[in-house]
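Q: Let the sequences and hints guide you as you build the complete structure.
Protein chains in written order, with numbering that gives the first Met the number 0: chain A, 0 to 289; chain B, 0 to 289; chain C, 0 to 289; chain D, 0 to 289; chain E, 0 to 289; chain F, 0 to 289.
Read the hints as simulated data drawn from the structure, not as lab findings.
Everything hinted at is true.
Since the list gives no way to pick out one identical chain from another, each pair is judged satisfied if it fits inside one copy or across any two copies.
Here are the computed lysine-lysine pairs in the DSS-like style, where the Cα-Cα straight-line distance is at most 27 Å:
id, residue 1, residue 2
1, Lys191, Lys289
2, Lys124, Lys204
3, Lys238, Lys199
4, Lys289, Lys176
5, Lys238, Lys191
Because the structure is a prediction, the values reported are computed rather than measured.
There are 6 protein chains.
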Amino acid sequence: MRFDEAYSGNVFIGSHKSYEESKVVLYGMPMDWTVSYRPGSRFGPTRIREVSIGLEEYSPYLDRELEDVAYFDAGDIPLPFGNAQRSIDMIEEYVDDLLKDEKFPLGMGGEHLVSWPVMKAMAKKYPNLAIIHMDAHTDLRVEYEGEPLSHSTPIRKIAEHIGPENVYSFGIRSGMKEEFQWAKENGMHISKFEVLEPLKEILPKLAGRPVYVTIDIDVLDPAHAPGTGTVDAGGITSKELLASIHEIARSNVNVVGGDLVEVAPIYDNSEQTANTASKLIREMMLGWVK
Amino acid sequence: MRFDEAYSGNVFIGSHKSYEESKVVLYGMPMDWTVSYRPGSRFGPTRIREVSIGLEEYSPYLDRELEDVAYFDAGDIPLPFGNAQRSIDMIEEYVDDLLKDEKFPLGMGGEHLVSWPVMKAMAKKYPNLAIIHMDAHTDLRVEYEGEPLSHSTPIRKIAEHIGPENVYSFGIRSGMKEEFQWAKENGMHISKFEVLEPLKEILPKLAGRPVYVTIDIDVLDPAHAPGTGTVDAGGITSKELLASIHEIARSNVNVVGGDLVEVAPIYDNSEQTANTASKLIREMMLGWVK
Amino acid sequence: MRFDEAYSGNVFIGSHKSYEESKVVLYGMPMDWTVSYRPGSRFGPTRIREVSIGLEEYSPYLDRELEDVAYFDAGDIPLPFGNAQRSIDMIEEYVDDLLKDEKFPLGMGGEHLVSWPVMKAMAKKYPNLAIIHMDAHTDLRVEYEGEPLSHSTPIRKIAEHIGPENVYSFGIRSGMKEEFQWAKENGMHISKFEVLEPLKEILPKLAGRPVYVTIDIDVLDPAHAPGTGTVDAGGITSKELLASIHEIARSNVNVVGGDLVEVAPIYDNSEQTANTASKLIREMMLGWVK
Amino acid sequence: MRFDEAYSGNVFIGSHKSYEESKVVLYGMPMDWTVSYRPGSRFGPTRIREVSIGLEEYSPYLDRELEDVAYFDAGDIPLPFGNAQRSIDMIEEYVDDLLKDEKFPLGMGGEHLVSWPVMKAMAKKYPNLAIIHMDAHTDLRVEYEGEPLSHSTPIRKIAEHIGPENVYSFGIRSGMKEEFQWAKENGMHISKFEVLEPLKEILPKLAGRPVYVTIDIDVLDPAHAPGTGTVDAGGITSKELLASIHEIARSNVNVVGGDLVEVAPIYDNSEQTANTASKLIREMMLGWVK
Amino acid sequence: MRFDEAYSGNVFIGSHKSYEESKVVLYGMPMDWTVSYRPGSRFGPTRIREVSIGLEEYSPYLDRELEDVAYFDAGDIPLPFGNAQRSIDMIEEYVDDLLKDEKFPLGMGGEHLVSWPVMKAMAKKYPNLAIIHMDAHTDLRVEYEGEPLSHSTPIRKIAEHIGPENVYSFGIRSGMKEEFQWAKENGMHISKFEVLEPLKEILPKLAGRPVYVTIDIDVLDPAHAPGTGTVDAGGITSKELLASIHEIARSNVNVVGGDLVEVAPIYDNSEQTANTASKLIREMMLGWVK
Amino acid sequence: MRFDEAYSGNVFIGSHKSYEESKVVLYGMPMDWTVSYRPGSRFGPTRIREVSIGLEEYSPYLDRELEDVAYFDAGDIPLPFGNAQRSIDMIEEYVDDLLKDEKFPLGMGGEHLVSWPVMKAMAKKYPNLAIIHMDAHTDLRVEYEGEPLSHSTPIRKIAEHIGPENVYSFGIRSGMKEEFQWAKENGMHISKFEVLEPLKEILPKLAGRPVYVTIDIDVLDPAHAPGTGTVDAGGITSKELLASIHEIARSNVNVVGGDLVEVAPIYDNSEQTANTASKLIREMMLGWVK
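A: In structure tokens, the structure reads:
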């Protein structure tokens, strides 16, 4: 019986012991204060880690095991409750540090606004960056009821930052008329309703480029992801999302980071969404990090 | 700050202020007293309105916004608890009044029996009326354990009223042997299991005719609509139901009214079914009312 | 059948039609962005109104009916998601307006921080104001992990604003050592664990003074109020809280306003907490407004 | 291994095999169609039986075991969904039959209206009958929104049938002003808020008389019985209700039948209410049947 | 009114009265003590029976009714809590008895380990037995953390017992690398991810052979079966599983028994999984027993 | 930003970093395989730790902080699923090791059977040991349906091991007649229904003796602890249980260890029971360890 170190129960399965020897860093961004509808995604990262013990370390899809990828679960960034601006600054600084150390950042949300500072940091490191965005919602608002820091705005912010032509959205089935128009007029790609088929067309165009992939779990149909803030009927299945992750893995793009956001455990019967999220995290690591 | 009128929180998003200037009238029929299994659909209309605030007013499927349709949410008909006959009479009279005012009635149940007085009123107004019925169940019983007023009987009643050859059922996957036989012997159309493909075949036959569309939410698979009284495996997806609504929108039939019934919030994890219902209501309005 | 005005379903039972002729104004403050643990109280006011339809308008405790009190449900203040400072400013301005019109403000939270701007507005109107505070938590922090705007700070803010000797806390069973010490050293009253008995001792001392009463629903034991952000064992029963409200009603203090905060419907099995809250609101109105 | 008779899983623990040799008959009245708020009590009897397997057959309160009472679980009366009048007639006839066979009827609801035909049948058999009624609500309405058959009316009906002076209500904390007035003017006993202490005063007055006891589970505080249609704060504890049952057991009244109504499993987290109900049923049998 | 036999509420709909005159025996194996993740499947059989009352006795898929199949619900085997070895021995003996009486055993789990003693008994009766196995998991472990009796091992045990070349797994999407390798090296068939299409290829090869079919409900996607111990994204739909059962029904294999395991009601929102399971049981009976 | 050690999120708040410098060792026993009713307590320790972040480190009851007690959260003992005998052996050996190192063992269950090996180890270390047992159930069975290793037997086992006269049970309200008789005939103390008052009488008799305290969370009323396997009405409040822990703290007994068992998160609405358990653990540490 060993009692010689503090108990460390809630880490994603198979996490390596040391930051230094790891390639991938998994981290949580427990923020949900700007959501306009149902909050609760602050508890997403914790629950995803917790249910990961029910997961096998081997992927029969990719014939690869977690021990083949050196990764480290760094826990959650301690974000200040209710302060959106300071949270965003902390996240950007955090990812800057990871990139300085040549890590592959793999983030877990939290609300989708957390992806904005991450993508900003990525763009500093990778000047030619492209974004692949899977979501039910456009997230292209300039503001939400007067607030420029809102979970409805991250894609607009990054699109304006790196150029709309470098952002590719898939699975979109909800948004304001103005958002779709803005995308159209500014050359931003939006695939409505579907993910896998349009992705097959786009990926060759991105060959060789550094790509950051941001996935809002609500790109899934509510049947497959009830545990999220804003459910929206008519989404894709978990099978299709897995296939899309694998499609990216098989492509010639250079994935340099990614995130999975908006898992909200309180609405999640049977921990179905958290389980799905932990499987997606495993496949993202095994598929995208060589 | 304005305090000059009573708060009106629970109205379907985008409802117009006045009955007179509206084309469509949205109304609830909060009745669930004849159901043979799990009650609770009386709270369906209230919850559908409540969650509609999470919905965008724009449909990327139809490229149309709610402000393009003049509609008015008239609230729930105050039905007498536990009195089926009087409830039915009140509904019929209510819809008679709507039709007198040349409105497009869009109803929310409540149990499926509420559709019977609505369809009866529609048939008075539109002599050549055809019914499109999407459901997991035949609803063709003459009675249920001795009761002629039961949620298992509305389609039988309207079929006998306007002639079975004018009723088209889709997605049916449950019923007594006698019900299927009766339909067959009397020339009533039943498409088992599927909705979209058979609908594509039937719609051209109904071109130009006035059509009332009644949708029981349990035509969806339980994965897509757990919040209903009687769940039944093997149903269609919300994607397919959306596509079916759009197929009708694109066809040459003259939709003159419709309803969506059997949403029961108490069984509805994450308010998934209510959210889906509110999206379906939006698409029905945007697609069917020119 | 009347269709001549917009449906107004979700108003607290018995609300009067007009702001002008009302003495009491009931309003919601749907804010939960600074909570350090579980969010969700933004939906409290909506759910309290919704379940109020299950309530009788007559109180057998006070032998008085809601029609005896002219009150108006003004709905929720439209607070900006995730912006604590602007929300607080809006609330203060809102209550300033109510007080200018000589109304009795009765607020529903939302997190407890919303009470801070209300109490500040009250103190402007009533220079000799005393605060009665019922809560499981001291709420006396200066800041929470660096944030001065936090749901752990409202009582500290008002205590520093009007003087700690004018604030009386009851039922407290959780807090940091420093918070209890600060109260002790600064002459602020704290009754630990109990509400009714110490209240009986304090009320005579406040006779004739204007008093604002702020109630955090978590002063109740989790058995009586599971639907809140931070449950804490060892609390009082709903019977005791009702008796405490009635004790204030029978006393000689001049209640000039009040609130009930931290009801979070998502954690609320059987809508028990929301139902209790709606009963408490009824008793507060019938007991405190002459 | 015996396969020679049909499986009989869902019977209250310890039920005897034969109706003839039993003194007590336990039966369910699965009706909930006239409730004005949340339905679902139709599933009460089934769930109470189901969870009874978690119960011991011995009562340490009464030092008596279920095998000391010859009782038979007769299952649910097959009531017609949605037909209140016919349901009531069936129940009355059912209890008439039980009484003809000299049985002690012990009923499980179902909504409270089911008690009306039972009490009517009891009054035929026992001319000097008194009623002990424990409830949160007066149930003294003449009608509910026009319906004379409503779960708000059973006590009024029996009071008018046998004389209000023979009806004793306890624990009442909700009702219309008119209901309390009617009781007062007509000499009907109502103990507000409390059960045990007033019961101790009343029981000696009923010594020797035949008494029927009807218990609405919502006499308990929502903390103790969340699984019911209409929860109402400020109720008694399960400890107090058990003590009240035991107080009746120790008294000199002649209990001739009883019921426990309004258990609604769908709102019942952790099956707490159903478990409590099954324990109450056990104590009613062991305490009231000599 | 008949009171002459004990109430028998919780039997699968349409069960025959007598074991002797029945061809099929339906029985439950309420065991969940070796599961490594979430327990609760011990309540599966009870809940499946309970919800079967919401099911029609007629299958529109197969145009056949339950009254066409003589079957008897024998209830649950009374397994000893927490004793895996003794439970397994009891199950084997139980099925031996059924087979001696020439019955068709149709089992309901319980965890998947219960299938091991059933399949062992089947192999004694049918020397040429083949196994069709539908599951998310390989279940091919030799042991789980040192325990050879684990819900991760039943397929390994039967594969070693009758030869891996006689076992056909479908829908597998989770397992250790070693398990997939063992299957490959030993000639055991595994269809990854899919069921229906590979089944169409395999069934002709099994023509005429006695086949036992064991279905773990988690072969379904979590959207279709949240009520199970270990949910795993990327599964098949209930429509596909129904089609697979019908494919077997139409084939030339000789189905000699089957089971459906791992339904865990506590995680099952809206009783969706239990309802699906009861429909699957109906189709298995109507399709596989001539 | 520090990334230099593995994330350690799920530890009870305020746990010290090192085993060596700690006096108290907190550990989990995640076993639930012998329970006869609802399993799930295996997840108790994990959830108690998780919700402890919502707890203050200071106790206003005892005016003491967690930093005043050197304690170490050693995590869960890795018990083998479904193997009761081996689990019990591992626990005994684990506690033997703790006692060899002069630690104060503070255990979290799991089912109550886990307390048996702990108490056995305590008795080896402390020959004059007395047991204080708070529970709804006697737990005095020799076996449960043939199994001597059952959650219904631990108190019988320890009573026979150290002598029934050294075991004191409080709050008992359920058990078989034989169990109560055995206690009576063998001089074992049982206080029925109540805890605090009888404890005040017994504690002086135990002055100076080493005492182990085992608390089954179901000694609380279901209203206060719905999240447990077997709920039983008529229990004590969390206020009374806190007072009982404090009564022991103030007494002259020498508490040498303790445990809190049977918290089952899956039945625990709003995480109420887990929160209460984490508060109880805090008070046990602050009150019992000098």
